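Number of protein chains: 6
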Amino acid sequence: MTVVGLYIGRFQPFHLGHLEVVKLILTKVDELIIAVGSAQYSHTRKNPFTAGERIFMIRECLRDSEISTDRVQIIPVPDVNVHGIWVAHVTAYLGTYDIVFSNDPLTSRLFKEAGAKVEGNPFFKREIYSSTEIRKRVLLDQDWRALVPRSVSKIMGAVDGVARIKMLSQSDNPTP
Amino acid sequence: MTVVGLYIGRFQPFHLGHLEVVKLILTKVDELIIAVGSAQYSHTRKNPFTAGERIFMIRECLRDSEISTDRVQIIPVPDVNVHGIWVAHVTAYLGTYDIVFSNDPLTSRLFKEAGAKVEGNPFFKREIYSSTEIRKRVLLDQDWRALVPRSVSKIMGAVDGVARIKMLSQSDNPTP
Amino acid sequence: MTVVGLYIGRFQPFHLGHLEVVKLILTKVDELIIAVGSAQYSHTRKNPFTAGERIFMIRECLRDSEISTDRVQIIPVPDVNVHGIWVAHVTAYLGTYDIVFSNDPLTSRLFKEAGAKVEGNPFFKREIYSSTEIRKRVLLDQDWRALVPRSVSKIMGAVDGVARIKMLSQSDNPTP
Amino acid sequence: MTVVGLYIGRFQPFHLGHLEVVKLILTKVDELIIAVGSAQYSHTRKNPFTAGERIFMIRECLRDSEISTDRVQIIPVPDVNVHGIWVAHVTAYLGTYDIVFSNDPLTSRLFKEAGAKVEGNPFFKREIYSSTEIRKRVLLDQDWRALVPRSVSKIMGAVDGVARIKMLSQSDNPTP
Amino acid sequence: MTVVGLYIGRFQPFHLGHLEVVKLILTKVDELIIAVGSAQYSHTRKNPFTAGERIFMIRECLRDSEISTDRVQIIPVPDVNVHGIWVAHVTAYLGTYDIVFSNDPLTSRLFKEAGAKVEGNPFFKREIYSSTEIRKRVLLDQDWRALVPRSVSKIMGAVDGVARIKMLSQSDNPTP
Amino acid sequence: MTVVGLYIGRFQPFHLGHLEVVKLILTKVDELIIAVGSAQYSHTRKNPFTAGERIFMIRECLRDSEISTDRVQIIPVPDVNVHGIWVAHVTAYLGTYDIVFSNDPLTSRLFKEAGAKVEGNPFFKREIYSSTEIRKRVLLDQDWRALVPRSVSKIMGAVDGVARIKMLSQSDNPTP
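As given, the protein sequences belong to chains B, U, C, H, Y and A, one line each in that order. The letter at position 32 of the first sequence is residue 42 when you use our numbering, and the numbering goes up by one with no holes. The letter at position 33 of the second sequence is residue 43 when you use our numbering, and the numbering goes up by one with no holes. The letter at position 150 of the third sequence is residue 160 when you use our numbering, and the numbering goes up by one with no holes. The letter at position 103 of the fourth sequence is residue 113 when you use our numbering, and the numbering goes up by one with no holes. The letter at position 69 of the fifth sequence is residue 79 when you use our numbering, and the numbering goes up by one with no holes. The letter at position 97 of the sixth sequence is residue 107 when you use our numbering, and the numbering goes up by one with no holes.
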C-alpha cells in the first residue's frame, strides 16, 4: 500500500531547510503532497510571492535535486481564516494522506483533533533556515542567497523579488 | 524556451475526451498545466467530486497512459464567482503560461480580453464524451464506464461515486 | 451519560410535521439541538424568514407544547455553500452531539462520511406537512394554517408574513 | 434643505425607460443618486456589463441629455447576497437620502422595513423598455437600438457588447 | 409586554464577571438573549474556544446557577468584519430586543446610531474579571480558576483548554 | 481624445494635501476618477468614516473649490484583500483610465505589473498633510481643522466625527 505524506507550509520563499525536510520525508513515505498554504495571497510583507511563483520555485528545485514529480505533488491551498474548518478544507483540496509532517503547534493540533497522524520535523539550523530570516536579509542587503536553492535565487531574480520585498516594507497597505 | 499550455476544466469526472485533449496539447507544448476549476465544490449535482478526488483521477490516468508528471502539473483553482477578476485570479494561482486551450466561449473570451493567446480543442464525439452525459448515465444505470479511463472507473468505485451521484439527485439542497 | 440529538432544517416555516419529529426525537435522546440552517438568509422565496423569526416561531411552539428549553437548544447556523466543510462548520457552531436526525440524503451522507451516527425520521404526511407546500398555499390563498402550530400562525401575522411571501414571488431579484 | 432621491437598478444596460425615470425624479428632488447594483458582476447572462461600463453608459447619456452631474451621482454598489443587511450596506456606501424610487417589490419592502420613504415609478411601456427585452433582442438580432440612448448604443459597439451577450448565451458557466 | 435584553460578548471564556452581569440584567428584563460573537472563530489567541464550547460553558453555568433557559437564550453570531452592517446582521440573527447591554464603546455606538436603547453594565473588578486576564493567567500558570464558574473550569479540562491556549501562544499562524 | 486619470486613496478623511493633488492632476488630464478605497469599512481606527461620508466630504470640497463634477467622478471601491486580483477588480469597477497617480509603493507596483502607466504625486508637507496625522490630532485635541477643507470640518461636525474617532481608540474590537 502506498503511504502518502503531507507537508504544509507557506514557503515565502522555499529554502534549503524546506528542501532537507522534503528529502527526509521521502525516506519515510512513498508519495508526498507539498501543500502551498495562504495560496490566494501575494504582495504582502509575510506573503510576497504568488502561489504560482512559489510552485515554480519548488518545482524547479525538485528538478535540480533530481526528485521525481512522480512521487511529489505540489498543491496550492487558499486560507479560509476559520480554524475550525481548516482540516476539512485542506482534505477536500488534497485528497487522502496518511501522515502530516509539521512543526507548527497549531497545524499539528488541528490535524490531531481531527484524528490524523502527525509527526514533527527535525530542524536544520532553524534560526537561519527560516523564510522570515530570508526576507529580513533581503531587506538589509545581507546574504540571503546562501539559504535558498539556486532555483529560488534565479526565480527571485526573474520576478524582481528583491525589489518587491523592499517595496512592500515601505507601503502602509493592509498586509494579510 | 519552454512553451507552457493551460487547460482548464471542472473534470466532473475526467473522461476519455479530456484525455485525448491532453495528449493532443502535449504534441504542441513543452509543459501543460491542468487547472481543476470550481475546486472548493463537491457533493453537488454538477460538482459531485472533491478537488482531491479529481486530482487523483487525473493523476492515476496520466500514470496509466505513461504521461510523465514532469511535463504535466495538476493544480486546483477555486471559483471566485466574479468573472471580471477570473483571469487575474487564475494567473496568480498558476504562474505564467503561453497558450490557453479551451472550447468554452466565456473562458476563451475572458482570457482573450486579458491579452492571452487562446486555442480551441477538437471535439472527440462531444455528445457522448461529456461529463454531463456521464453523470446522466450514472443516474440512469446506463453504461458510463466506456466513457472514462480505467483509473476513473476504479476511483469512482473507491469513493462510492455512483451512490453519491444518485443521492445528490434526490436532495433538494442548494447546488453550487 | 447525556445523549444529545441533532436535528437540522431550514424551518421556512416550522410546521406540525417538524413538531412531531421533535417530540419523537425527545423520546430517544436526553437533549436536542435544533439547528436553524441557512441562518443568514431571509426575504427570498425559499427563505422568507430571518433566523431570528424562525427561532422565535420554534421557541414559542415549544413553550405552547410544554417542551422545556432545558432539554432543547435552538441554534442558528449560516450556510457556507461548500459541502466539503459543512460538517466541520456545523460542529464548531454547535459542539458535540451523538446522533443526527435527518431525512435529507445529502445531510445524511455528509455526516456519515464524517463518521457521525445518522438516523432517519418517520414522515408525517410528507406531501402536506412540508414548508414548500405551506409557502405554496400562502401564495394561492389556500389553507396553510392547518399545517403549522398556532405560534407560527401568530408570528406570521405579526411580521406580515403572508404579504412578504407574496411580494417575494413577484420580485425578480436573486434568491439564495 | 436639499432633498436627495435614490434610484437603484442593475442597468444591464441603461435604456430609455431608465432615462425617463431619471428625468421625472429630477422634477421631484434636488439631487439624485443612481446606485448601480450587482456592481461586482459582469460577463454573465443577466449581468453582461461591468460596473465601469454601466457607469460610462449612464454618464454619457446624462451628458447628451444635458443633465448636470452636479445634481446626479452615479455610485456602484456590490451585491452582498444577504437581504437582511442590504439596506444597511447600501446606506454605508451612499450616505444619506430622503426618498427611494423603486418598482421592485423586494427593494421597496426592504427599504420600508428599515424605515425609509419609498415611491414607485410610472412605467414607460414596461414590456419593451426593459433590460431583459433588450438582451433578448440582441440575441435574436432584432432592433434593440430603438430602446436605448445613443450613448449606450455607441458604448455597446466600443466594448463589442453584442458579441459578448451572444457568447454568454452559449457558455454553460455559472451565471450570478 | 415582555421586555427583552441583549448582551453581546465573545466570552473567551465566560467568567464570573459575565455571570454577575447576566444576573443583574435579569433583574431588569423579562428575557435575555446572550449573543456569542465572533462565532466562526476558534483556535486563535483571542478566540481559543469554538462557539459550541462557549455555548456549552454558558449553558452549564446557568444550570448550576439555577437560571432558567426559559428566560435566557444563547445564540452564536458570526463576525462580518464590516461595522456598517453589524447591527442589521445581529438583528437578523436574533430577532427583536428592547435594550442592549454593553460596555464596549463601539458596540454601544453602533447600536445607538441604529436607534437602539443601550445601557452600560457595572464592572465587577474589571481588572481581574476579564477574559484577557484569564487567558494571560493560563499562560503563566497562575490561578485562573478563581475567576471562572466551576462549569467553565470543568469544560476547560474536558477540551484540554489550558494546553490549547499555551499552544496557540507558540504558533505564528494568523490569528483572527 | 479624452485622457482619464485615476487617483486612489482611502481619504480617512480627505485633506488639503489631497485637494492639492486633485488640482494638480486636473492640469494634466481631461477627466479624473477619484477612487475611494476600502469602501466597505467604517468605524475602525484606520477607517473611521463610511464610503458615503467620504464621498460627501470630497463632493462638497470640490463644489467649494469650484471644480466641476463634469470632469471628476468619485467612485467607491471595496477592498478584496487579495493583492493579485486588485488591479482587475478596480478596473472592473471604474472602467478605463490612462494614467494612475499614486505615491504608494504597492499601488504603483501592482498597476505597473499590470501594464498601466503610473505617475507619482508631489508631496505637500507630507508630515502634516496626512490622514494619520489628522486622526492623531483629533485624538489629542490638537488643531486638525487647519489641515482639512472647510467642507470636511463641517461634515466631521455633522456626523459627530471627533467623538467617533475618540470612541474607536478606546474599543478593543477588531479593526480592519
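There could be a bad hint or two in this list.
[Stated by the list, open to error] Below, a list of computed lysine-lysine pairs in the DSSO-like style, where the Cα atoms sit at most 30 Å apart:
1. K146/C x K164/U
2. K135/A x K122/Y
3. K176/U x K146/C
4. K146/B x K56/A
5. K122/Y x K146/B
6. K164/A x K127/Y
7. K176/A x K176/B
8. K38/H x K176/H
9. K176/A x K146/Y
10. K146/B x K122/A
11. K164/A x K176/B
12. K127/U x K135/H
13. K164/U x K122/C
[Claimed, not checked] Quick look at which bits of chain B chain A covers, simulated, 3 or more residues with Cβ under 8 Å:
14. 134 to 142
15. 171 to 178
[Stated by the list, open to error] To give a feel for the contact side, a few chain A residues facing chain B, derived at Cβ under 10 Å:
16. L116
17. T117
18. L120
19. E123
20. F134
Derived by calculation from the structure, the hints in this document are not laboratory data. Predicted model only: the values in this text are computed from it and were never measured. Ideal Cβ placement from N, Cα and C applies to all residues, glycine included.
Exercise. For which of the previously enumerated hints does the structure constitute a violation, in increasing order of number?
Worked result: 1, 2, 5, 7, 8, 11, 12, 14, 20
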